[in-house]
Structure formats: C-alpha cells, structure tokens
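Enquirer: So you can see what is in the structure, the chains are spelled out below.
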Amino acid sequence: MDSRGGRSRAEARLIIAGVGGQGVVFATRLLAHTAIALDLPVIASETHGMSQRGGSVVTHLHIGGSQAPLIGRGTADVLLAFDHDEALRNIAFLAPGGTALINTDHSLPQDITALLERRGAQVHTLHASRRAMELGTAAVTNVVVIGFALGHHALPFPLERLRATLSDLSPRGRETNLQALEVGYQAGVATARSTRPHPGAEG
Amino acid sequence: MTEAILSGNEAIARGAWEAGVEVAAAYPGTPSTEILENVSQYPEIYAEWSANEKVALDVAIGAAYAGRRAMAAMKHVGLNVASESLFYSSYTGVNAGLVIINADDPGLHSSQNEQDNRHYARFAKVPMLEPSDSQEAKEMVGAALDLSEQFDTPVIVRTTTRTSHAKSVVTLEERRVYEKRPYEKNPRKYVMIPGFARQRHPVVEERMLRLAEYAESCPYNRVEMGDTALGIVTCGPSYQYAREVFPQASFLKLGMVWPLPEKLLRDFAAKVERLIVVEELDPFFEEHIRALGIPVEGKSIFPLVGEFTPDVVRQAAYVAGLIQEPPVPRAFDKGDLPMRPPVLCAGCGHRDVFWSLRKLKVAVNSDIGCYALGVMPPIGATDTIGCMGASIGVATGMRRGGLEKDNVAVIGDSTFFHAGLPALASAVYNQTPITVVIVDNRTTGMTGHQGNPGSGLTLRGEGGQRIDIEAVVRAIGVDHVRTVHSNQRSELEQALREAIKHDAPSVVIAETPCIFVSAHLREPYVVVEEDCNGCTLCMRIGCPAILKSEKLDEKSGRPLAFIDATACTGCGLCFDVCARQAILEGALKTDTTSSVEAMA
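Same order as they appear, the protein sequences are chains A and B. For the first sequence, the numbering used here gives the first residue as 1, with consecutive numbering after it. For the second sequence, the numbering used here gives the first residue as 1, with consecutive numbering after it.
Check the hints yourself; a few may be wrong.
Sample of chain B residues facing chain A (criterion: CB under 8 Å; computed from the structure) [what the hints assert, rightly or not]:
(1) E244
(2) T309
(3) P310
(4) D311
I should point out that these hints are in silico values taken from the structure, not numbers from a laboratory. All residues carry an ideal CB built from backbone N, CA and C; glycine is no exception.
Construct the complete structure from the given sequences, taking the supplied hints into account.
Expert: Quick look at the structure:
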C-alpha cells in the first residue's frame, strides 16, 4: 500500500460541481471508489430529479469523516468545478484554507478572488475542456480536473491509486481517460510549482 | 466480508434480495425509481413496473397473501394513490412478509408537495422504520419483513430524497431463502366486508399495542448519551446533521418512527436538562412527546418547511442560541449567475405541442411528467397542474364550471395509463365536450425512461404487450380521435383546432418521441449569419440549443442567434418559426431509423 495516502485516516470534504453531461456523477464515483480502496469511510450525495441535460449538478463527497450526506457552507476542503458559473454558485462551500480547482477559460470576478484570498483559500484555474478536446473528446474534462487537483496535492490520494480506480471504472475509453488524468496532473504540478504549496499538501 | 458503495435505493434493492423477497412491484417516481431498477438485476425476484402505485401495492399484497415475501416501492405521493390498499392491508395483515418502501421528498426536488408520510403509519396503524444511511436502508428491509411476519402487518420503510440518493458503504451478505408459506383460504381475514372488517379492527389495535412494546427494545432506537445539558430526538438524515451541529449533545435516534417508544422517550427526557426534536417537515415526534406531557421544543427552533441541510440546522440552532457559531453566510457566493432551471430538452416534441396550444390561446390543464415544463417561460402555455391524472378531471370541471375560453387536457402516455383512463371514461360517459391531448413519447421520460403499457417494454426491458393508446381511446367511446406526429406542425395545429371545435369528447394523440429513446431525424440546424437580424423570434420557443451569438447585427446591434450543434437534435421548430428564413435546415439523416419509424 502506498505510503502517502495508503493508511492515512485523511478526511476530506469535497464539492464537485458542473452541468448535466459533464460527468460530475462519474467523477464522484471515481473518487468514492478510490477512497473505499483505501479503506476510508465515504458518503456521496448527488442531485437528481429534474436536473436534465444542461442543468446544474452538484455532489457532496465526504471522505473519512461523518456520514452526513450534505456538507455545510464554509467547510469543504476542495471544490472541483467543471464550469465557471457552477464554481461561483458553489464557492461558499469552500472552507478557509480550502482549494478550488476550476475548469474555465476566463478568470474569476475580482471581488470573488479577493474574498477567497482573505479567507486563505486557493483557487487554481485550468482550461480543462480545451485539454480534453485536444485528447479528442470534451467528455474527459472531469478527469483532467481531477488530475489537476492531484497535481496540486488537493486530494487525499496518490496519483497511482486514482489511476488504478480509473482503469477499473472505465473499460471503454480507458486510454483516453488515463491520458486525461496525466495531462491534468502535469498541468497541476506545473502551476503548483509556481504558487506557494498548500499546507499539508503531502497529507 | 464484501463491501460496496451503494445509494440508499440500491441498498434497499440489495436488502430485498438478501431478505428473500420474491415479488416486487412499483411505479417510477423520484426519489424512489432506482429501487425497482436495481431489483430487476436479481433473477430470483419477479419484478414489475405496474401501471400505478395502487396496482403495485395490490400486487405485493397478493404475493404476500400467497406466501412469498414481497415489496412495493413508491414516492411519497405514490402512497396517496396506493393509500386505499395500505389501509385494507393493515386490516387483513399478511401471510409472508410485506414491506412498503416510501420515499419522501423534503425540499420538493421533483414533486408537487412535501408531505410527511410518517403520518401514514399512524393513520393506517402500521409500523414504520426510517434509515439514516445506506447500511441501515439495506438492513431495515429485512427487519421490516421479519416484523411483518411476526406481527402480521405490512411495514413501511420511509426514506427521504437524501437517504435514497446518497451513496455510502454497505456490507453485503448472502441471500436468505425462506420456505413459501402455504396460503389458506380465510375470508374472515382476507375479505374486508363490514362484518369481517369489524372483527379485524380490534386485532389491529391490539397489534399496535404490542408493536409499541416492541419499539421500546427495537435495536434501531438508539440512545447515545453525551452531555446531558441538551437531549436531541431525531431520525433519518437529520440525525447526521444534528450530530455535526451538536457534537457534544445526547441523542435518541429513532429508527422505528412509528409506533413510538413511550418509556424510552420518558427515560431519555428525564436524563437531559433540555429536550429538543430535530425532524424534517412536520412536528411528528414533537407533538407525540408533548402529548405525553413531556416539555419539548422542535418547530419553535427548526423550520417546518423544506429540506434540512447542515446549514439549515446550524442557522436555526444559532438563532435559538443553542450554538455560538453561525453558518457561513450565503452572501459569499456572489455574482450575477444565470439560473439553470429545468427546461424541455432541445428537440423535445412536447415543445411543438405547447407552441401550437399557445397559438390557439386555449387554457391548458396539464399533468405530471416532462411536459409539466410547458409552464416555463418563454412558452408558458400551462394553466393548471395538480397530480397524476388530474388534467382530464380538472379540464372536465373547468368546462362544466363555465370557463370563458376553450381548454384542453394534456397528459403523457405513462400518466394516461396511471390515472387518466378513469377520468376519460367519466368524460365520455357524461359526454363532456373536452379535448384531451395525449403526448405520447413512448416512455416514462421524467424519471429516466422506464417502460410503460404504452411502450410495452417491461422492467427488464423485455417485450411485454404494448397497449395501443388509440385503440383504447376508441374503445372507451371517443369518436373523434386524431393521431399526429408532433413534427408535422401544421397538421398538429389543424388536428387540435378541429378537436377543440368538436362538441363531444375528443382526443388528439401527439406522437412526441423522446429524443433519448429514438433516433434524431436531421443533422443540426445552422443560423445563416447574413440573414439573421437578432429578432429573437426563435428564442421564444425556449430551446436550450439556441443561444445568443457573440456577433451582433450591424443595424440593430442585437446579438445574432446561434445554434449549439452539440445540443441540436434537428427537430426544426426554430426553422418553422423564423420569419427571415435565416436558419438552414439540417440534412436528413440517412443511416438511422427515423424517429417516426422508431415510433411504429
């Protein structure tokens, strides 16, 4: 078992946000299965019902903590957002010191970034859709963002562990998914180098 | 020991399988739909989509009478439909175990109300269990079936949207096999004529006393003592939120929510200085506890309305002075964010129907399904929506009640078979000259494309017998029936006009094949930028594939229309409404079955 994330009782509260069709549910499944493989307790809540294609989709994922199905505002360690507006819609969930990883091709409104900085939150943006399209399909945008988060050490798992779950869960398009993870990871590592490290990043 | 991460609904399906259920029936409805979808993966269980929840419950009751463990599943308002069967089955009792899964929807994620169905347990005098995570959801199905057989009663397991849809780790076990219990004819137990039912009522009352006694030691009623300054009675996901907000407090977590354990409640109340109830929706526990003469607070602190979240519980607790730290304010998420309300999908045939109805300026009595979205702007064609099947009866009443303009009922194929048939029979029988538009998309769309009698696809996706809606309507005695594909817009409009004019009950069947279950007719349409002047006429059909371009019309400065090729399904309504022929028709798809053929 990996020494970095393998036996740690790491706790992480994640909000995963996007619009219908962007693979929010798959991303949640991927992270939840990875947590289980590490023997971490996990609870994941997703919105259902009238959220049709194109509607907002948000999931709450709590790894290694209580079994409350929803996360409170100001308590999420990580916000993964596959869409700019959905990032803003859910940004209040981010805890002081938390990290947001956002797929967007433009920057966040200045008052939001200022507010986040005052709260000690970190925001990293990446045009993940473009990276995904370069791999041939926008469908892997979600995996690029997850790789990006790993590159920033924002998730309580090592890259190898996530790669293993991704292989298990994506019999079709496995290669593209693994490439997407790698592309996102490298982008994360590259930007992490240029910004100050997140406290406890190696946890 | 095998573990899996399962939603509450998946866990319930697994629990049914492990507990030896052999017959399961349901009608789809959010948040309960996935229960039967998951049951269908177990070949040992006969599982069906019934035409409505009442039929589903009757099927499950019959199976339990016959001697096999049975389950019916439905959303909270589904139990309204099935309530008559719930009440008689409380009197008859069962033979083999019978569990009714009831999924409430606090917060109305996808429902017409947020009724608290714990009242049904008390009302129908049957026990009710409520899990607060997937592991409990799985276990409680088996526990309910054991109780059902032990006390000769149907047992309800109540979930909420959150427990049904949240995924958490569940320990998997093997299937337990039970011998079929022999059925013995016993009219005094199974025939509810007044003479026999009168004898059953005291049996039911006596059973409730024994169940209340059982509740005192039910393993799902759990006391967790902490600081005795504050004692909290709670159930379901509220338990998890209350645990986070009041980590030090003492808890009485009720897994058996009816009947309530009087002694346990009294003992717990005596041990704590202040007793509060944290429960979603109605003050169900609170009123019962107060009736016992125990001082208690609940709805004076926590909201009566809406779904609980950690923030809702925290905010209420903060305002009441129970905790010192407020939740993070909502104002933190700023910005003028566009809302993303649900809309009819790009290319949905329902849009064609509502577009025509709006042109005809008729009142629209609509019904439950995707086509409920016909009320949303910019189309906004709908006048009324109530519950499954209400469209036809309400349309009849508005006609008889002297409505000043013409009106039509709009009802989907699945909803028509669910509750539309008796209403249409009434209108025909009494010759009320209403027009019913049956929007037939050949699937149960809103809940995720389940089969129904009109599609003929069973729960396992196998071929059942498809029931021809036109033949049914004619057999009921409607003489004026027209079937038109929604894509043939002028024919559709003409058919609607004629039907509305007709002075006897009339039906228009609009074939509106769901874009998710049938092939698309044409390639995406394209806006010809030189011809578009940004008039926004095409935007008034409310198609999510039509967007404002970043390019502006030179004269008016208005943004041009733009069609998102990844969303357009080639239906052509925008092409029909464009006054400047600025939209280029997509080429006919040649390599796929057309949606018209797919309907056949």
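Enquirer: Which numbered hints does this structure break?
Expert: none
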